[in-house]
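Q: What follows is the residue order along each chain.
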Amino acid sequence: MPFRKFFSWIKGFFGHRKSFSLGLYGQPGAGKSTIANRIAKEWTGEEMSTVSEVPHETRQVVKKEQIVISSNGKTFSMNLLDMPGIATKVDYKDFVKTGMNAKKAQTRAREATKGIIEAIKWLEHVDAALVVMDATEDPYTQVNITILGNLEARGIPVILIANKIDLKKARVDKIKDAFPQHVVVPISALTGENFPKIYEEIAKRA
Amino acid sequence: MANLNIEFVAARVFEGKASEEKIKIVLDSVKKGKILVLESGFTVAEERDLIKATMPLISKGFPGIEVSTLSQPTPDLKSLLIKALGGSQGLTIVGPSNLVKKITKDPTKLNVIAGK
Numbered sequence: 001m002p003f004r005k006f007f008s009w010i011k012g013f014f015g016h017r018k019s020f021s022l023g024l025y026g027q028p029g030a031g032k033s034t035i036a037n038r039i040a041k042e043w044t045g046e047e048m049s050t051v052s053e054v055p056h057e058t059r060q061v062v063k064k065e066q067i068v069i070s071s072n073g074k075t076f077s078m079n080l081l082d083m084p085g086i087a088t089k090v091d092y093k094d095f096v097k098t099g100m101n102a103k104k105a106q107t108r109a110r111e112a113t114k115g116i117i118e119a120i121k122w123l124e125h126v127d128a129a130l131v132v133m134d135a136t137e138d139p140y141t142q143v144n145i146t147i148l149g150n151l152e153a154r155g156i157p158v159i160l161i162a163n164k165i166d167l168k169k170a171r172v173d174k175i176k177d178a179f180p181q182h183v184v185v186p187i188s189a190l191t192g193e194n195f196p197k198i199y200e201e202i203a204k205r206a
Numbered sequence: 001m002a003n004l005n006i007e008f009v010a011a012r013v014f015e016g017k018a019s020e021e022k023i024k025i026v027l028d029s030v031k032k033g034k035i036l037v038l039e040s041g042f043t044v045a046e047e048r049d050l051i052k053a054t055m056p057l058i059s060k061g062f063p064g065i066e067v068s069t070l071s072q073p074t075p076d077l078k079s080l081l082i083k084a085l086g087g088s089q090g091l092t093i094v095g096p097s098n099l100v101k102k103i104t105k106d107p108t109k110l111n112v113i114a115g116k
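For the protein sequence lines, the chains are P and G, in the order given. Using our numbering, the letters of the first sequence map in sequence onto residues 1 to 206. Using our numbering, the letters of the second sequence map in sequence onto residues 1 to 116.
Warning: the hint list may mix true and false statements.
What the hints assert, rightly or not - Okay, derived cross-link-like pairs now, EDC-like style, lysine to aspartate or glutamate, Cα gap no bigger than 20 angstroms in a straight line:
1) P:K97 / P:E111
2) P:K114 / G:D106
3) G:K34 / P:D91
4) P:K176 / P:D138
5) G:K102 / P:E111
6) G:K22 / G:D49
7) G:K24 / G:E46
8) P:K176 / G:D106
9) G:K109 / P:E193
10) P:K169 / P:E152
Simulated from the structure, these hints should not be mistaken for lab results. No experiment lies behind these values; they were computed from the predicted model shown.
With the hints as constraints, model all of the structure from the sequences given.
A: Laid out in structure tokens, this is it:
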């Protein structure tokens, strides 16, 4: 609905609410939980998610409430939601490759599919989103397009996070070229590089 | 070399059908091992619902799907009008992920790598 979108744009990213929910979206392995942990640790002193090399480590929405952030002279409060990575397939054999036995891998795959459904349901409830992309991978995937398309259709404010810029293979320009309609913040969740820029971009619209 | 079953589906197959029905028809075929090329492509909302509907079907023998739609990244007035009149959104390819290994895309083409 163009008028609704236009109105929500004029109103500002977060409608000047006292507190809003910010969802971390992306494909598995993009670094959502590492980012969530850094943000939570920096502003609350506590991490919020478990991180590992095994795909689909986050299989339920992890929520940290009332994170108070100050940036650019603004202070705002948000509920941060670390979403399970969205994918179109979950093959238990991928978990077996990480050393799990077949039974455990199948259980994990089942949990991962439930997590994906939960993350998709939340697309209709978040107030804003950080869509995290691995800058070393091709960003123009159907999953990224589907996530962004659904957020855009609802007029949800989006900031793209180009993660893993500490790696030589990182190509932030590819993300900018693929999605020129969005602000792209290049960061390294591993080193913490450029995190203040994330807060700035949120504060600009808060 | 093993054969692949690729089915090209005309837009009229889905005419007058709700999204849920369209998704069910597609998933029924994909679960049987078919790769579908849909003349009437999925919208982003339908793709979201397709992923959601796929998840409970995942099992040892069916690890999920690969899907990709070739459509205009930013719809212009003409494409919005076509959409309003019930026309095609673009072309969608969807298949079981154990056959469709990878789909890469850019705004003008889809590249599908498939095999058994």
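Q: Could you tell me which of the numbered hints above are not met by this structure, giving the numbers in increasing order?
A: 2, 5, 9, 10
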